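Participant: Chains as they are written, first to last, in the working numbering: chain A, 7 to 120; chain B, 664 to 774.
Everything labelled a hint here was simulated from the structure, so no lab data went into it.
Here the structure is a predicted model, which is why all the values come from computation and not from measurement.
From the three backbone atoms N, C-alpha and C, an ideal C-beta is built for every residue, glycine too.
Check each hint, because a few of them may be wrong.
[What the hints assert, rightly or not] Here are some of the chain B residues that sit facing chain A, going by a computed Cβ distance under 7 Å:
1. Ala-673
2. Gly-706
3. Phe-735
4. Pro-754
5. Tyr-760
6. Gly-767
[Claimed, not checked] Cβ pair distances, simulated, as ranges:
7. A/Ser-24 <-> B/Lys-726: 15 to 23 Å
8. B/Lys-705 <-> A/Ser-24: 47 to 55 Å
9. A/Asp-70 <-> B/Tyr-714: 38 to 46 Å
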Amino acid sequence: SAVISQKPSRDICQRGTSLTIQCQVDSQVTMMFWYRQQPGQSLTLIATANQGSEATYESGFVIDKFPISRPNLTFSTLTVSNMSPEDSSIYLCSAGTSGNNEQFFGPGTRLTVL
Amino acid sequence: EDQVTQSPEALRLQEGESSSLNCSYTVSGLRGLFWYRQDPGKGPEFLFTLYSAGEEKEKERLKATLTKKESFLHITAPKPEDSATYLCAVPSMDSNYQLIWGAGTKLIIKP
Numbered sequence: 007s008a009v010i011s012q013k014p015s016r017d018i019c020q021r022g023t024s025l026t027i028q029c030q031v032d033s034q035v036t037m038m039f040w041y042r043q044q045p046g047q048s049l050t051l052i053a054t055a056n057q058g059s060e061a062t063y064e065s066g067f068v069i070d071k072f073p074i075s076r077p078n079l080t081f082s083t084l085t086v087s088n089m090s091p092e093d094s095s096i097y098l099c100s101a102g103t104s105g106n107n108e109q110f111f112g113p114g115t116r117l118t119v120l
Numbered sequence: 664e665d666q667v668t669q670s671p672e673a674l675r676l677q678e679g680e681s682s683s684l685n686c687s688y689t690v691s692g693l694r695g696l697f698w699y700r701q702d703p704g705k706g707p708e709f710l711f712t713l714y715s716a717g718e719e720k721e722k723e724r725l726k727a728t729l730t731k732k733e734s735f736l737h738i739t740a741p742k743p744e745d746s747a748t749y750l751c752a753v754p755s756m757d758s759n760y761q762l763i764w765g766a767g768t769k770l771i772i773k774p
């Protein structure tokens, strides 16, 4: 299993600003993912962070709104751009290795947009 | 279409009262079924992976089982610290790595 940390753990932001969330894994992993979880809801995949290439976004999510970086096999960032109150959510990073599809999650970043 | 359905949405039990949570799935060519536990305000914690019908996994008071159509998470003599939301997920057939998630069962154990 992998141990995953996220920064910040929470933030309160003003409408129209951007926030970058960092995800650090304690070992090299093949796959890293970014999810959003609304209160009381299940997880929604935003994108797969690919090392060395552009992220793969799910339907309803676009790069201009959620730019993602993955400079190496242990680190990724997600930026929530031009935020609105509708972006208030928990953002989760996960990681896994190819072969068994198991994913391990970070503690999440609780974002509130005023 | 790949789908995962969990029931019940919420379950309240007295401490020591055993029960089961259900996760039914419709996906061709199952490549694993995953159970997670999520505490409020935290990321999901990995519990089990099941790969084939008849397989069972245990961890403390939890036992996960798998059939060709569903999985059960049995909780035996639960304690208040077992209170959490339990999520199950299966790999999507459309993607090598994307998981299809159930909505979760919120389990509350009253002392």
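Participant: For each hint, tell me whether it holds in the structure or not.
Facilitator: Tested hints:
Below 7 Å, beta-carbon pairs count as interface contacts, and B/Ala-673 has none with chain A, the closest being about 11 Å; its hint is therefore violated. Interface hint status for B/Gly-706: upheld, as the beta-carbon distance to the closest one in chain A is roughly 4 Å, under 7 Å. Here the hint on B/Phe-735 is broken, as its CB sits about 19 Å from the closest CB of chain A, past 7 Å. Because the smallest distance between the Cβ of B/Pro-754 and any Cβ of chain A comes to about 5 Å, under 7 Å, the interface hint for this residue holds.
Evaluation of the B/Tyr-760 hint against chain A yields a held restraint, the C-beta minimum of about 5 Å falling below 7 Å. Interface restraint check: B/Gly-767 against chain A, minimum CB-CB distance 6 Å, threshold 7 Å, status holds. Distance hint check for A/Ser-24 and B/Lys-726: the Cβ-Cβ separation is about 45 Å, which falls outside the suggested range of 15 to 23 Å. Between B/Lys-705 and A/Ser-24 the beta carbon distance is about 25 Å. The supplied range of 47 to 55 Å is therefore violated.
Restraint check, A/Asp-70 to B/Tyr-714: a C-beta distance of roughly 39 Å satisfies the suggested window 38 to 46 Å.
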